[in-house]
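Just so you know, the sequences run in chain order U and S.
The numbering of the first sequence is the working numbering, which starts it at 1 and goes up by one.
The numbering of the second sequence is the working numbering, which starts it at 1 and goes up by one.
Since the hints were made in silico from the structure, they are not lab data.
No more than 27 Å apart at the CA atoms, straight line, and that leaves these computed lysine-lysine pairs for DSS-like:
1) 115/S <-> 19/S
2) 363/S <-> 363/U
3) 67/S <-> 97/S
4) 354/S <-> 339/U
5) 363/U <-> 189/S
6) 189/U <-> 363/S
7) 354/U <-> 189/S
8) 270/U <-> 284/U
9) 217/S <-> 354/U
10) 284/U <-> 339/S
11) 39/S <-> 3/S
12) 238/U <-> 339/S
13) 45/S <-> 117/S
14) 238/S <-> 339/U
15) 85/U <-> 113/U
16) 354/U <-> 339/S
17) 189/U <-> 354/S
18) 189/U <-> 135/S
19) 339/U <-> 339/S
20) 252/S <-> 302/S
21) 117/S <-> 19/S
22) 269/U <-> 284/U
23) 99/S <-> 45/S
24) 354/S <-> 217/U
25) 272/S <-> 231/S
26) 45/U <-> 135/U
27) 20/S <-> 85/S
28) 275/S <-> 296/S
29) 67/U <-> 39/U
30) 19/S <-> 302/S
31) 339/U <-> 284/S
32) 135/U <-> 189/S
Stretch-level coverage of chain U by chain S, calculated; a stretch enters the list once three of its residues show a Cβ under 8 Å from a Cβ in chain S:
33) 181-187
34) 333-339
35) 344-357
36) 369-376
Partial list, computed: chain S residues near chain U (C-beta under 10 Å):
37) 176
38) 177
39) 179
40) 331
Where a beta carbon is used, it is the ideal one built from N, C-alpha and C, also for glycine.
Number of protein chains: 2
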Amino acid sequence: MEKTYTIDEAMVVAIEEAKKGIGLVSPNPPVGCVILSPKFELLAKGHHKVFGGNHAEIEALSQVDNKSDLEGAHVVVTLEPCAHKGKTGSCAMALSKFKLASVTYGITDPNPKVKGKGELILKEAGVEASRYRPKSEFEYLIDELELLIDQFKVNILEERSFIALKIASSMDGMVAHQSGQSQWITNSKSRQVAHHLRSIYECTAVGKNTLLFDDPKLNIRIEGHSEKSNKVLIIDPKGESVGQMNNLNLTKYRSPEQIYIAVGEDHFKKVKRSKFSILRCPNKEAGLLDLEGLSKVLYQNKIFSAFVEGGAFTVSAFAAQNFFDRFYYFVAPCILGSKTGVSWTKSKEIQDLKDKLALRLNKVEVLEGDVLLDYSRLYQKNVII
Amino acid sequence: MEKTYTIDEAMVVAIEEAKKGIGLVSPNPPVGCVILSPKFELLAKGHHKVFGGNHAEIEALSQVDNKSDLEGAHVVVTLEPCAHKGKTGSCAMALSKFKLASVTYGITDPNPKVKGKGELILKEAGVEASRYRPKSEFEYLIDELELLIDQFKVNILEERSFIALKIASSMDGMVAHQSGQSQWITNSKSRQVAHHLRSIYECTAVGKNTLLFDDPKLNIRIEGHSEKSNKVLIIDPKGESVGQMNNLNLTKYRSPEQIYIAVGEDHFKKVKRSKFSILRCPNKEAGLLDLEGLSKVLYQNKIFSAFVEGGAFTVSAFAAQNFFDRFYYFVAPCILGSKTGVSWTKSKEIQDLKDKLALRLNKVEVLEGDVLLDYSRLYQKNVII
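In isolation and in its complexed conformation, chain U is listed as follows:
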């Protein structure tokens, strides 16, 4: 007898499928789809593989050779099937051609223009379509489903780029010695994971100080990863790096137009015309960018996500402006001491403990002694947990 699946179990598989598309489908969200036979055996599964390619539902449908097998079948998909004809036609329409017994989707489309419309198309075709309601032991899947579309949601609802921060520090939050001395604090396994994270966001960002001090390559170095060159973003309010860029490692690994330099309005005019992509960003105050403004400028330039890797000054600026979407915190098993260390929140101040910046823990990964804590920002301001 073949293995049968509950809807919850099928959703676990659909999420695994969706994850295969992370980093490959932006600005679309990663989506996974599972088709079960009338007897709840696995008929097909698929995921959205590449922007412009088939959606997950179409991928899964294409796996079923004999379309008559779809009569009475159950479709489980991580996101509401799309109602609008985008690059590839409406998935809700495609699904409604078959006499499916049910369609269960993980999350309603966050796009207000199409929200609920996919479900409606299916219902009108006589298919029992509904949002996924997990049994209690599968409730954690809701968070996973939400996390799959975190970038998409920010892009669609706020028309800005998704900002992920990464910091690697000692247990007491120190990233370097005040003397300026700095070295790898985390282990090679952590650095490998960090390269993987680089690969799933559209550009890698650092501050001007890190660029000029470390002269990093910022390319993606993972075994088996294609040598596709990645975009980089330099956060440089005064445009000080522009004149030096030609001599830096960055330029060896990508073309000049893949190097974006975010400069404040107050210094924009002073920056000479250049072959690099100079972005004009609003200022927070003189010499400091408005980082939410920066994320909108990125979006307008079709950069839908950024992975900000530091240094301390830059990450601290995002923390001080309470502005970012996701936070990857690598904690090394050591203590440096704050009396002589440089903290990754050195420029963040609050007036009162109730003004603390609250995050939500997504998951924890142990990396051979290091720990990766993965958080999302909570959007309610002034929340006391």
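Since the structure of chain U is provided, determine the placement of chain S on it from the hints.
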């Protein structure tokens, strides 16, 4: 057919057994024991339940009604069976009375006086006795076995008390606002776990500032936990709390002699005779205790472990002296900012990054959004990881 066990699987069960004794058997180590039949079926299991009570091996043996069942049996125990007649007689001798096929023990007795002697007694009686060698997938058990005896080892080998630190902070290592404002940063689940940790160490310690500022009870509040009052230790180099102790909450939950106050040699004479237990401790410098010296004084006073809960000044002093054995770090999902926050390493300084204090990660526990990172100190000084 009854379930059979490999030696590795039996060791997992023996470790589970041993854990039941944590916090109850000090200054003995917690020990667990499993007996398998000649066919490797479970015959009995047992653990050391209380100081002065039966050792684990004797507990397990007592579960076997028909002693002839022990012929050809396999004993798996977390620690080398003791050779010396302590309070309860030698376990190695007790085991050697039966025609066992094998005895596998997790760790050699760290006590240099008896190390290997338990094995020798068994071998002389014709029992195949040897130290546990895990298959590769069970190699993690070696760390667990070592962790079971971490206190015992420090007590036996260094003749000092085992020092566990606990700190609860924001992600960026802040425990309070510089204005002095402070509040619970971690959630109720974390605080519950902290109370459990209190219960497994022999005394709960805080610094003088925390005592006078917070007026804590420091008792053990866990559902189902007996109301046994616990010892407390106040780290108070100048003895400033002694005169005020009578008015504090501490005294409502324990007798005066259960309240230990560690005072530096340089201030010891100024402290008036008192009904509380005043400990005379060596100084590191004027007004600051030598914390390793304190741990020796505790040992001499038959306090074999201490759980140091803060505040920032006290934990920071331990970090600055590179002196502690275990570190429980509760990380709350929030950022406070180091510009206006108080760090738990505020008094720690290093000259060079290579002087960082290296720890070993034992385990990670997710506590409803908070995270508990459990570390041990690495003893090699100046280790660069």
